[in-house]
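Engineer: Counting from 0, one number per residue, gives the positions in the sequence shown under numbering that gives the first Met the number 0.
This list has only true hints and no planted wrong ones.
Straight-line alpha carbon distances no greater than 20 Å define the calculated SDA-like cross-link-like pairs of lysine to any residue that follow: (1) Lys337 <-> Leu381; (2) Lys360 <-> Leu2; (3) Lys11 <-> Gln83; (4) Lys337 <-> Asp364; (5) Lys11 <-> Thr23; (6) Lys114 <-> Glu157; (7) Lys360 <-> Glu377; (8) Lys360 <-> Arg22; (9) Lys360 <-> Ala229; (10) Lys337 <-> Ser321; (11) Lys114 <-> Gly91; (12) Lys114 <-> Asn137; (13) Lys114 <-> Ala36; (14) Lys114 <-> Ser90; (15) Lys360 <-> Pro315; (16) Lys11 <-> Asp34; (17) Lys11 <-> Phe28; (18) Lys360 <-> Ser1; (19) Lys250 <-> Leu260; (20) Lys11 <-> Asn111; (21) Lys114 <-> His135; (22) Lys360 <-> Leu381; (23) Lys360 <-> Met325; (24) Lys360 <-> Val334; (25) Lys337 <-> Glu238; (26) Lys114 <-> Ser153; (27) Lys337 <-> Arg367; (28) Lys11 <-> Asp25; (29) Lys114 <-> Gln136.
Computed beta-carbon distance windows for the label pairs: (30) Pro169 <-> Phe257: 50 to 60 Å; (31) Gly148 <-> Leu254: 53 to 63 Å; (32) Glu368 <-> Thr331: 18 to 28 Å.
I should point out that these hints are in silico values taken from the structure, not numbers from a laboratory. Every residue gets a Cβ at the ideal spot worked out from N, C-alpha and C, and that includes glycine.
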Amino acid sequence: MSLVVAYLAQGKMRLKEGGAEPRTIDSAFAQSIHDKALRAQQRNSWKNDGGGFFSGAMLWGRGAGSDPDPVWITSVGRGREQGQFVFSLTSGSLCALLSSDRLGAEERRLWNNNKQRLQHVSQHPQTGDFAFSVTHQNGTANLGVMIGGDAGVSEVTEGDSMDTAPSWVPGEPRRLVYQSAGVGRNREGHYLALGPYRVEHLNLETAAIDTLLEDPEIDFVAPRALANGALYYIRRPYEGRPRANPFRILKDIVLMPFRFLYGVFQFFNFFTMKYTGNKLTTSADGARNRQLNPQEMMIWGNLIQAQKAQAGEEPPDLVPGSWQLMRRQRGTDEVIAKSVLAYDVAEDGTVVYSNGNALFKITPDGRRERILSEALIEQVVLLST
0 MSLVVAYLAQ GKMRLKEGGA EPRTIDSAFA QSIHDKALRA QQRNSWKNDG
50 GGFFSGAMLW GRGAGSDPDP VWITSVGRGR EQGQFVFSLT SGSLCALLSS
100 DRLGAEERRL WNNNKQRLQH VSQHPQTGDF AFSVTHQNGT ANLGVMIGGD
150 AGVSEVTEGD SMDTAPSWVP GEPRRLVYQS AGVGRNREGH YLALGPYRVE
200 HLNLETAAID TLLEDPEIDF VAPRALANGA LYYIRRPYEG RPRANPFRIL
250 KDIVLMPFRF LYGVFQFFNF FTMKYTGNKL TTSADGARNR QLNPQEMMIW
300 GNLIQAQKAQ AGEEPPDLVP GSWQLMRRQR GTDEVIAKSV LAYDVAEDGT
350 VVYSNGNALF KITPDGRRER ILSEALIEQV VLLST
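Using the sequences plus the hints, can you model the full thing?
Structural biologist: Structure below.
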């Protein structure tokens, strides 16, 4: 069977089958959410129309013509069956877990909730059980599972940490590898920074947690275990909390009056637009469009910005060469690729990875080839080699 890869790019799910052009997988459930929100907005539009300063839109900080909450695909994982994948999506407070069969031809909703937010979905290749990270508003995340067809999500880790990116160990029905970082807080309990990510192994039957990889100067993220005992992961330098820069502090003090004046200008600019339909200046359109254009993404706590290649050039790496895809086998660590933002690996050792702007394939014998170029590829799933 030809190479089939699913990937996320700018909140959309894309599929690459063999030599065919990549295509977008549209979710019927996502479309129904959008349509329902749009109908509700139209029914209640009278609350946001007119009324001057104390109209509904003004009171709640929205423009009169604000759009419904967008629907974002937040993670995708390999399914249990051939041509199947699972994915999570979010829209406003809603989060849902879905399964897609026959490479996007059929869709089933497995779970949805307005209280829990799931990411990094992983389905066990033998049992069909699910694991994911459950994020919380206090800046932490725990591992969650759905075992044996359970309708609800059970959280299996706890603590002031970010436990994310779980992956089942093949051949082991109750074992996971995942990444974990401690959360640093001040005396008042406010979030400060994340500690370095380490790779942990969790036995669900005994609740035992073992640390597999840890270093105070290095982040170990996105672990994947194979049935032959190999462990794949991304290694990158740890960037802790930025130190205070006295020159930046001085710059902020000097610019404070100008920022205040800019805020006053924007206040009057808003009211001019509200009651005349025109802005105080016409040069603001370009800046506004740039802000609304999603040309950046957050990967494991790092802000990644899009870059364009010049004509005839290779797509630029969005992460430095120090972001390395590693393989640990029989106690030996080997560099597989550099400038790796996301990857997936099949049981035969085939690797597909993204540098953020392109997808590459590495065969079991080490041959490397570029599959496609596309901006802001943040997650990759290898469905068939």
